[in-house]
Amino acid sequence: MRYRKAADPVGNGDLYVYLPDALEASLSAAAEGAPAAREVLAADAPPAEADVRTLERQLRAQWVGRARRALGWALWWVLVGPALTLAWANLAAPISRLFFWLPPLRAALATLGETSGGPLLALAVTLAPWAWAWSRAAGDFARARHDRRLARAAASRRVREAPLRREADADLAAFAREGDALRARLREGAASIGERGADGAGEAADAARQLSVLAARHGLDDVAALYHALYTRFGASERRLSRAERGGAGVLAERRAGGEARRVQREVRSLLARFRPGYRPPASPLAPALGALAGIVVLVGTFVVTGFYVVGSDEALFLDSAGSRLARAAGMFGLPAGDRSPAVVRGPAMGWDAPFPLTGRRRLSLATQPIVISARFRGTAAGAVDLIQVQLGYQVAYVERWAALDADGAGAQRLTLGLSSQLEEYIQGRRQEAAQMVVAQTPQLGNDRQQVMARADALVEQNLDALVRVFIGSVAPDVAEEAGVQIGTDFQARIRRGVSMEEANALLGE
Amino acid sequence: MQDPRTRAEDRAALLGGARSQVVTLPSGEATIAFAGSESPRERIWVQIDAATDDTAAVLAAWAMVESLLSDRASRHRASVTGRSLVAVVLAPPPLLLEPRGGMPYLDGGTMGAHVPLLRAVRSFAPTLVVHAQDWTGAVEPRPGVRLVESFRIDPSVHAALPPYGHGGRWSAQRRAHARLVDSPDWQWGARVASLSRRLGVPLHAALRGAERERAATVVHELAPGRFTPVHAVRRLGGGNLAELALAETGAHGVTVQMAGGTTGQRASHAMAVAEAAIVHRLNLAAEGVSR
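Going line by line, the protein sequences match chains A and B. At position 331 of the first sequence the residue is numbered 331 (our numbering), and the sequence of numbers has no breaks. At position 210 of the second sequence the residue is numbered 1210 (our numbering), and the sequence of numbers has no breaks.
Careful: at least some of the hints might be erroneous.
Stated by the list, open to error - Which residues of chain B face chain A? A partial, calculated answer using Cβ under 10 Å: (1) E1009; (2) D1071; (3) R1075; (4) R1119; (5) R1122; (6) T1127; (7) R1152; (8) D1154; (9) A1160; (10) P1163; (11) Y1164; (12) G1165; (13) W1188; (14) L1246; (15) A1251; (16) Q1265.
As the list claims (entries may be wrong) - Examples of chain B residues toward chain A, derived with CB under 8 Å: (17) T1081; (18) E1098; (19) G1101; (20) S1123; (21) A1125; (22) P1155; (23) S1183; (24) P1184.
Said to hold, decoys possible - So the derived label-pair ranges between C-beta atoms look like this: (25) T1055(B) with R165(A): 33 to 39 Å; (26) A191(A) with R1119(B): 37 to 43 Å; (27) R1119(B) with A48(A): 35 to 41 Å; (28) A1012(B) with N12(A): 54 to 60 Å; (29) A168(A) with A1012(B): 44 to 50 Å; (30) R165(A) with R1197(B): 50 to 56 Å; (31) G301(A) with R1197(B): 50 to 56 Å; (32) R1197(B) with R97(A): 46 to 52 Å; (33) D14(A) with A1216(B): 41 to 47 Å; (34) I95(A) with E1098(B): 25 to 31 Å.
Don't read these hints as lab results, they were simulated from the structure. These figures come from a predicted structure and were not determined experimentally. Virtual Cβ for every residue (Gly too), placed ideally from N, Cα, C.
Build the full structure now, drawing on both the sequences and the hints.
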């Protein structure tokens, strides 16, 4: 561990310069059992040991502070992870509305990828922000451990009581002598940035660069690194000021120059502070608590905000609590389960419940919804059928009953299949009645079954609209009532000819 | 030009009464020609080496010495020789190098970094090193030139730099890249690359795909055609002559790597980059603009 006493480049007093990464490497090695050696070099008389002790205390405080801040950040990310996932899971649907011009993307976003990759992708997409935040937390925990270890190593008796070599360094003396004029130029340039703008910063940067090269030539790595850091800051300041000055002169340009001068001086002060004995690095013991508190506030805030819901006047909201979902899952394994139906909130309403995905939320429109029901009419050649299809509308009338049918989101499909099955039964019954009527009216066709059915089918086709109207008026309401819906009176019926058996079966859920 | 005896005579004729220093290397004697002020603001070391055929290197080095020592009217000579001391190495014929694969980003000091020459570099104490490397004949020719820059980077910034590109948004890599771009050394390199392009040097395009990934283990791609060693390699030390000079004397360095093209093209590329580096180190371009 080596410190070099050098004059403050831009202010008064002396600095104890070191290479931070080299010092950390030395301490890490000392923590692993390597012998500890300390030396402080100066241009003239050997420096006071008290100054070095102060600087080392300062370094310990600096590492402790860094460890505390890193721990604070780690706790923040640990708590923000679930908050991010909660926010993302609840905001994805509203955000998806921005992509109304690309329905597949909108659907994928609204369902968190479930429409594209199934529940596994949805789970991965939901948990992605959480994983990202926790990876950051892991990094911060590692940094906190590393800095804490350095602080412990610096505080260890072996390092503290390692003999301190205090010597005058010929190279440092030569550097101090040769760099005197350049240092004066650096100070002058740094002090005049407010008045001279880019010229002052440029002069300071040039002097700092030459001092850095001079220090490197004398083998003073740490001093060279310090002056190079000053060169970098003054050089960047020169660039910013030149840009501002190109914009023209005036009150604003002067203010910009003044602001830039203050900024670079602040940067330089904070750069040099760590090398000055007596500096108090930020090391608040409250940093971890603050990080945790901020994380808790964000998590609770997100939980509260994402729990609010608003239900429009023409919709209802199913709230499927974690308890009812667990009960359903238990029922699947044959375990006793209580009430499994979700709670229903009819609009207009607003309220709060545990947010998604803790509570399943599904919105249900109470407006008329279209469905198409199908029924096999008659078989044709080559395994195809003629299919009667009726487009009609339904409206949820008994929300609780519909909620029970639609618990898994497949209520509309169940209703369609139920009505289709009833329609097919009804149509086949009317077909038989028509055939009997044909035989009664024309007994000579009694032995020609094919002719009879052809005439019966023709009769059914002629009266299809009337038959469907009767179906909707008399048969469908029974199925609809069971499902908790009302069937509208408007409909459109048509016959699709030559539909493949596979398609017909699929439409009828077989 | 390939006969060492003739070359020594030519060299003596070229240098005339100028100050020079002879260094003995494994492959022969190198002459270092000095031109410029004895109390310089900048000390510039220019060295041009070749892996196999050094015709282009000799042409460029001689042209450079001639331009610094002659009485011909020249745009920048008075400023350069007035403010700086330039050392140009007239290297002996090369030891044949046969690197595996393509042109290495860092040659590990195998090209032009012999101990006597390093001793000369150290005693000269340059503030800028321009080292051109002609790899033609030793590697697959790839048209174009690339610059490997050696300058001091804060270790915390260097370690956090992205292997290429700007780094992800709101990441430590992005912040480190922004700090580096803001630094005057990066800006100097950008200006050198820009002027080199204007002088007709075809700098390589941005790396892509597997080549980019391979390079990322050794160098950061600062910009298309511009590279700097990664932090781990910098810590190991001895990446190339410019890296050695940076560690020894704090000098900013640029290594110009060339392969392929004609002899004349390679010589002109080496000279163009050296000119761009010197012009921007001495701020001569800015003065030209302000006038």
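Status of the hints after comparison with the structure:
no. : hint                              : verdict
1   : E1009                             : violated (36 Å)
2   : D1071                             : violated (31 Å)
3   : R1075                             : violated (23 Å)
4   : R1119                             : violated (14 Å)
5   : R1122                             : holds (9 Å)
6   : T1127                             : holds (5 Å)
7   : R1152                             : holds (5 Å)
8   : D1154                             : holds (6 Å)
9   : A1160                             : violated (12 Å)
10  : P1163                             : violated (18 Å)
11  : Y1164                             : violated (22 Å)
12  : G1165                             : violated (20 Å)
13  : W1188                             : holds (9 Å)
14  : L1246                             : holds (8 Å)
15  : A1251                             : holds (7 Å)
16  : Q1265                             : violated (34 Å)
17  : T1081                             : violated (19 Å)
18  : E1098                             : violated (34 Å)
19  : G1101                             : violated (32 Å)
20  : S1123                             : violated (10 Å)
21  : A1125                             : holds (5 Å)
22  : P1155                             : holds (5 Å)
23  : S1183                             : holds (5 Å)
24  : P1184                             : holds (3 Å)
25  : T1055(B) with R165(A): 33 to 39 Å : violated (55 Å)
26  : A191(A) with R1119(B): 37 to 43 Å : holds (41 Å)
27  : R1119(B) with A48(A): 35 to 41 Å  : holds (39 Å)
28  : A1012(B) with N12(A): 54 to 60 Å  : holds (56 Å)
29  : A168(A) with A1012(B): 44 to 50 Å : holds (47 Å)
30  : R165(A) with R1197(B): 50 to 56 Å : holds (52 Å)
31  : G301(A) with R1197(B): 50 to 56 Å : holds (53 Å)
32  : R1197(B) with R97(A): 46 to 52 Å  : holds (48 Å)
33  : D14(A) with A1216(B): 41 to 47 Å  : holds (42 Å)
34  : I95(A) with E1098(B): 25 to 31 Å  : violated (59 Å)
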